[in-house]
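Protein sequence lines correspond, in order, to chains A and B. Just so you know, the first sequence maps onto residues 1480 to 1893 in our numbering. Just so you know, the second sequence maps onto residues 7 to 80 in our numbering.
The set of hints was computed from the structure by calculation and includes no laboratory data. Among the hints, a few may not be true.
Stated by the list, open to error - Under the rule of at most 25 Å between Cα atoms (straight-line distance), these lysine-lysine pairs were calculated in the BS3-like manner:
1) A/Lys1751 to A/Lys1608
2) A/Lys1543 to A/Lys1566
3) B/Lys10 to A/Lys1594
4) B/Lys32 to A/Lys1594
5) B/Lys32 to B/Lys10
6) A/Lys1796 to A/Lys1566
Stated by the list, open to error - A few chain B residues that don't get close to chain A, going by computed Cβ distances all over 10 Å:
7) Ile15
8) Asn18
9) Gly31
10) Lys32
11) Val44
12) Asp46
13) Arg52
14) Asp71
15) Gly75
Every residue, glycine too, gets a C-beta built ideally from N, C-alpha and C.
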Amino acid sequence: MVTAINDDMFSGQAIEDPYGYYGQLRSEDPVHWNEKYKLWVLTRYEDVVWCTRHNELFSSAVFKTDERTPYPEIEESDMGLYDDIRKFFASWFIQHDRPVHMDMRRVLHGYFTPKSMEQWRPMVKSVIKDLLDEADEQGEMDIMRDFATPLPLFVIAQMMGMPYEDRKFIRMLAEKLLFIGRGDIGRMQPLHDGIYELIDYLSPVVEKRIKNPEDDFISVLAEGEKSGIYTREQVVSNAILLLLAGHETTINLICNGSLAFMQHPDQWDLLKNDKGDVVPPLINRATEECLRYDPPVKSIQRIASEDVEMGGKLIRKNDRIRWFITGANRDPEQFEDPDTFDINRWPNAHVGFGSGIHHCLGATLARLEGQEAFKALADRYDTLNLEAREFDYQPSITFRSLKALPVTMAMAAD
Amino acid sequence: MAGKLQVSIDHNVCVGNAMCPHLAGKTFALNDDRQGSVIDPDGDTRENVLEAAEACPVSAITVVDAESGEQLFP
Ligand code: HEM
Ligand code: HEM
Ligand code: SF4
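Isolated chain A (complex conformation) (with noise of 0.2 Å):
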């Protein structure tokens, strides 16, 4: 029997527990239209997979296309700032459809791959290392203030070539643009108003990457404008993205991954005796399993390009779709055991950083982060103490993002 499905996906339950609101629906109803938001949410593996691979049926192209009012509603009065968002937003090649999006794509892709990222990965060890070492002067931290929110913030600005003393007056920025309730009715005004503080800051700088180029991301990008794939507007704003991008995102692994081993004691002392004896390292399956097991991204958006039939259903053209990698990622069909954290599972092919086109461009950076972060954690600390007992999450259907996680560490002997 179906029970009835409460549509608020804002709700404190929703929030709280996704994993069995949406494993519900996954079960009951894996093609599932929400009448209050009036959109499709679909939870299975299998379809979120499927979905992600065909591109051409499910376009990106979502704030360019849709000229609904937004969800939850805003004020009517921010209409004027909502249309500005919309317009930034649409910029984003993360919102552009083939073949546009490979011609945007391919300029960064090359920054990105796993060969060319490995060379970041000393600078992220002792980016990491500072800010324990800041840690263990207190003895305790906010692992989500003081360590998971300045880690990628840190990483992506020296990816930038930003100055030292910006870090600052961008993270206040890159908070004002995330940290405001996604739900809340008045929310447009900040980010209105982050997103061209933002704007002004990275102009000047994107203008003397042209004339100057350097080893950063924002010369690749400029490359990109000289060659005429990129305005030079959306130089600006694709900056904006990989600034953005990498972090409510990876502030979300590393917060939820320390979580998981915090509840789930064994895999902590797991990771801790790791004997360097498999391949891939334990070190990697474990950021995997975490990646799978409290995903950062809970949700993806698109529209349908045209009629598509799943499920027993008709999704129409122009229909907003949601799909769920809370759901797809513990889906019994494809994972044994899927409520489980088991830092050995492999192969582990979740879809935490989506699949298909669109797979996570910073897969390998956030990965790289990922792992050590943890193999930091736990080389340094005998146990990491949860210091709440209650967890209060972002209030957002995109992200899956603890508002705080205090811990006291105890280190390890030598």
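For chain A, the structure is supplied; the task is to place chain B with the ligands on it using the hints.
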């Protein structure tokens, strides 16, 4: 002329990002599952095949020199 290549794709890892057929379309194509597959290991030049292997975002492609057995990528 450079010798022949052995090219393989790990389908447990491939995410169907479709870079390989884009960069070396006589060697790689997408199969029915929309994952990369090898249609002719010597369809493109060695340089193009290696470029495609390097561009794979998840390092799913292995390239071996068929004569010497030397692994060229990764
Ligand atoms: C995967 C492609 C993405 C899609 C389809 C997407 C889609 C959306 C949608 C539909 C909204 C809601 C706008 C509204 O209020 O109506 C939104 C908001 C937002 N997205 Fe994304 N997004 C994507 C990726 C990202 C990434 C990578 C970031 C950077 C971390 C990001 C940052 C934001 C921010 C800051 C907001 C504003 C939150 C708010 O509305 O309060 N998005 N996005
Ligand atoms: C743990 C961290 C991360 C997670 C979980 C994550 C997740 C994702 C997901 C699910 C998508 C697919 C969106 C879609 O299909 O519409 C995506 C795309 C993307 N991500 Fe990430 N991401 C992470 C880190 C990063 C980092 C560090 C960067 C940049 C430096 C980045 C840049 C991008 C970009 C540019 C895209 C768009 C790719 C395209 O459309 O071709 N991400 N990411
Ligand atoms: S480039 Fe890699 S991920 Fe993409 S289709 Fe080819 S093998 Fe698969």
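The hints, checked one at a time:
1. Distance check on the hinted pair: A/Lys1751 and A/Lys1608 sit about 18 Å apart at the alpha-carbon level, within 25 Å; holds.
2. Under the criterion of a C-alpha separation no larger than 25 Å, the hint pairing A/Lys1543 with A/Lys1566 is consistent with the structure, at around 7 Å.
3. About 24 Å separates the Cα atoms of B/Lys10 and A/Lys1594, which keeps this hinted pair within 25 Å; it holds.
4. Proximity of B/Lys32 to A/Lys1594 is assessed by CA-CA distance (about 24 Å); at most 25 Å being required, the pair is judged to hold.
5. For the hint pairing B/Lys32 with B/Lys10, the CA-to-CA distance comes to about 14 Å; that is within 25 Å, so the pair holds.
6. Of the supplied pair hints, the one linking A/Lys1796 and A/Lys1566 holds, its CA atoms being roughly 22 Å apart against a limit of 25 Å.
7. Residue placement check: B/Ile15 keeps its beta carbon more than 10 Å from all beta carbons of chain A (closest about 14 Å).
8. Not every Cβ of chain A is farther than 10 Å from the Cβ of B/Asn18; the closest lies at roughly 4 Å, contradicting the non-interface assignment.
9. Its beta-carbon lying about 13 Å from the closest one in chain A, B/Gly31 satisfies the requirement of being farther than 10 Å from that chain.
10. For B/Lys32, the requirement that its beta carbon stay farther than 10 Å from each beta carbon of chain A is met, with the minimum near 18 Å.
11. Every C-beta of chain A lies more than 10 Å from that of B/Val44, the closest at about 18 Å, which supports listing it as non-interface.
12. At roughly 22 Å, the least C-beta separation between B/Asp46 and chain A is larger than 10 Å, which holds for a residue marked as non-interface.
13. Here B/Arg52 stays apart from chain A, with its beta-carbon at least about 17 Å from theirs, past the 10 Å limit.
14. Every CB of chain A is more than 10 Å from the CB of B/Asp71 (nearest about 18 Å), matching its label as outside the interface.
15. Look at B/Gly75: its CB is around 20 Å from the nearest CB on chain A, clear of 10 Å, so calling it non-interface holds up.
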